[in-house]
Amino acid sequence: MEFFSLVIVVLAAFFTPIIINRLNINFLPVVVAEIIMGIIIGQSFLNLVHKDSMLNILSTLGFIFLMFLSGLEIDFSTFKKDKRNRQGTNKHEKDVPSHLNLALTVFAFIMIISVILAYAFKWLGLVDDVLLMIIIISTISLGVVVPTLKEMNIMRTTIGQFILLLAVLADLVTMVLLTIYGGINGSGNGSVWLSAILLVFTAIFYILGVVFKRMKFLHRLIGGTTQIGIRAIFALIILLVALAEGVGAEYILGAFLAGVVVSLLKPDEELVHTLDSFGYGFFIPIFFIMVGVDLNIPSLIKEPSLLLIIPVLILAFIISKLIPVFFIRRWFDNKTTIASAFLLTSTLSLVIASAKIAEQLNTISSEMSGILILSAIITCVFVPIIFKKMFPIPDEANRKIDIALIGKNQLTIPIVQNLSPHLYNVTLYYRKDLGDKRNLSDHITVVEIANYEEQLLERLGLFNQDIVVCSANDDSLNRDVAKLAKAHDVKRVICRLENSNEDEEMKGEGIEVFSNFISNKIFLQGLIETPNMLNILSNVETSLYEIEMLNHQYENIQLRNFPFGGDIIFVRIIRNNESIVPHGDTQLRYKDRLIVTGSKEYVDELKSDLEFYY
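In this text, residue positions in the sequence shown follow numbering that gives the first Met the number 0: the first is 0, and each later residue adds one.
Warning: the hint list may mix true and false statements.
[To be verified] If you anchor each label on the Cβ, the simulated ranges turn out as follows: (1) Arg592 - Phe2: 23 to 31 Å; (2) Ala107 - Pro413: 49 to 57 Å; (3) Ala234 - Leu27: 30 to 38 Å; (4) Gly124 - Leu5: 19 to 27 Å; (5) Ala234 - Phe2: 26 to 34 Å; (6) Pro420 - Phe14: 46 to 54 Å; (7) Asn361 - Phe13: 52 to 60 Å.
By construction, these hints were calculated from the structure, which means they are not laboratory data.
From a predicted model like this one, the values you see are computed outputs, not experimental measurements.
Note that beta-carbon positions come from the ideal geometry of N, C-alpha and C, so glycine has one too.
Go ahead and model the full structure; you've got the sequences and the hints to work with.
Below is the structure:
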């Protein structure tokens with residue numbers, strides 16, 4: 000039967016995630032499970048699959064798509080400090096150097112140690128190819144790092160950004176070194192220099208992409224059967240892969256650069272989701288299963304000297320990451336440092352790529368290629384487990400928003416009394432001569448001050464708050480403190496101005512402005528036009544609340560499968576300034592703003608779960 004092997008591989012790709020789920024083997028990355036499944040059905044055990052032209056083509060396409068998605072995963076915004084609003088921020092994070100400087104320093108150490116270890120392998124007589132070993136030891140798997148960070152919901156923490164950026168740097172440098180390696184050991188001449196032509200064309204395609212994105216008529220072709228965006232991306236992949244082959248570079252470099260171009264063009268989430276579906280739904284599983292099929296475990300067992308390389312190589316992976324990462328101990332605790340080092344030990348995609356390319360260039364044997372791949376698989380099994388066990392996750396109960404209010408009066412007192420102590424740390428600053436005499440709840444910190452001076456407010460920690468609300472009965476005081484808070488980079492500043500024409504100026508500085516007049520006007524208009532809706536909004540139990548979805552654990556979950564048993568109704572989902580009517584099959588996306596109604600108790604619980612996260 001001509002298609003027998005293909006059928007077996009496709010069925011294996013289909014059943015592998017089902018088996019993992021049913022056996023509750025959550026610690027094992029799916030790609031690793033696919034390789035193991037390939038080992039089982041391949042020449043190592045059952046010998047059900049035999050390579051043919053169809054499987055070769057699909058496996059190559061899977062490899063190309065994997066490299067493309069690796070390039071697409073690179074978020075170039077990580078090269079600068081993440082200034083996006085984030086809940087549960089560690090107040091000492093400002094003491095940490097910029098992500099880029101920290102990552103560059105640590106990666107430089109990784110490269111130095113990788114070079115030393117590569118020469119040690121040659122000295123020990125284990126592997127003679129020094130450049131190949133430098134590539135393999137220094138690489139870090141984005142395909143393991145990114146899902147693990149998302150699952151732990153620490154992608155946007157300082158340590159998460161550092162790990163991600165370090166993995167990105169390793170990916171980029173490894174790809175460059177792999178190109179150089181192919182150029183040195185390939186049959187063609189001058190392919191390293193010719194690769195510059197590939198980079199020129201990559202830049203041209205990026206410029207063309209920017210131009211095409213601005214053409215309005217193309218936006219009409221994005222949806223439906225046309226799917227012009229998908230067509231353009233596939234055309235880009237094929238063109239750059241063909242160009243890479245034409246200049247004598249490795250074709251995976253072309254695929255990787257195609258991913259980088261698309262990443263730089265900032266595609267919308269739906270397009271990325273579709274590309275992920277193409278890749279991880281069909282092509283990539285076939286590639287990983289075929290990697291397992293090609294591994295001949297019995298032949299490796301016959302060579303004990305080769306098996307000795309596995310523990311030595313895994314030790315090299317750990318040493319090359321653990322020693323450099325200890326540089327960050329001055330800003331992070333020991334557990335965080337060691338856990339991060341172990342996660343960065345994970346290698347997979349580029350080790351497979353390097354081993355396969357080296358095997359094709361005849362610089363290493365097929366057995367040595369199998370040993371390198373097997374070592375990478377082993378690291379991907381135990382590394383995420385160690386990371387999850389060691390990484391200190393803060394107690395959810397401590398994830399609160401710090402909010403400060405200026406002024407103790409008839410407006411601020413009922414507000415602070417009603418803010419949930421489970422969600423907010425509230426501090427009220429006031430002048431005794433201007434303050435209300437009423438006592439407040441114990442969970443509210445009250446600070447009496449002589450005057451609202453900058454140095455005093457800074458010493459008292461006003462500018463370290465997440466939100467500052469200036470609501471004293473003095474417009475000039477509110478305005479001055481609001482501007483001071485904004486100058487000290489407070490995330491949100493809300494200012495009350497009753498008798499001022501400076502609203503637009505304040506808003507231009509990023510300060511949110513309100514007044515009794517504006518509130519009363521909106522209230523009266525609502526009372527006239529929509530009295531029942533106003534009753535809903537003013538009733539605590541039926542009011543509408545906005546919650547931002549920041550927890551990656553709930554990403555892509557359909558609302559009908561949403562694991563929350565509370566009395567909550569999803570009214571609207573705001574996504575990219577588009578209002579979506581939620582249905583059972585509607586999937587939640589990261590950064591969605593959810594408009595919900597329900598019991599205040601359950602709303603607070605849901606807010607804590609979705610929004611008050613790192």
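We went through each hint and held it up to the structure:
At roughly 48 Å, the beta carbons of Arg592 and Phe2 sit outside the given window of 23 to 31 Å. At about 56 Å, the CB distance of Ala107 to Pro413 agrees with the hint of 49 to 57 Å. The given range of 30 to 38 Å is respected by Ala234 and Leu27, whose C-beta atoms sit roughly 36 Å from each other. Separation of Gly124 from Leu5 is about 42 Å and departs from the stated range, judged on CB atoms against 19 to 27 Å.
At roughly 29 Å, the beta carbons of Ala234 and Phe2 sit within the given window of 26 to 34 Å. Between Pro420 and Phe14 the beta carbon distance is about 49 Å. The supplied range of 46 to 54 Å therefore holds. With their beta carbons about 36 Å apart, Asn361 and Phe13 fall outside the hinted range of 52 to 60 Å.
Hints 1, 4 and 7, counting from the list given before, are not met by this structure.
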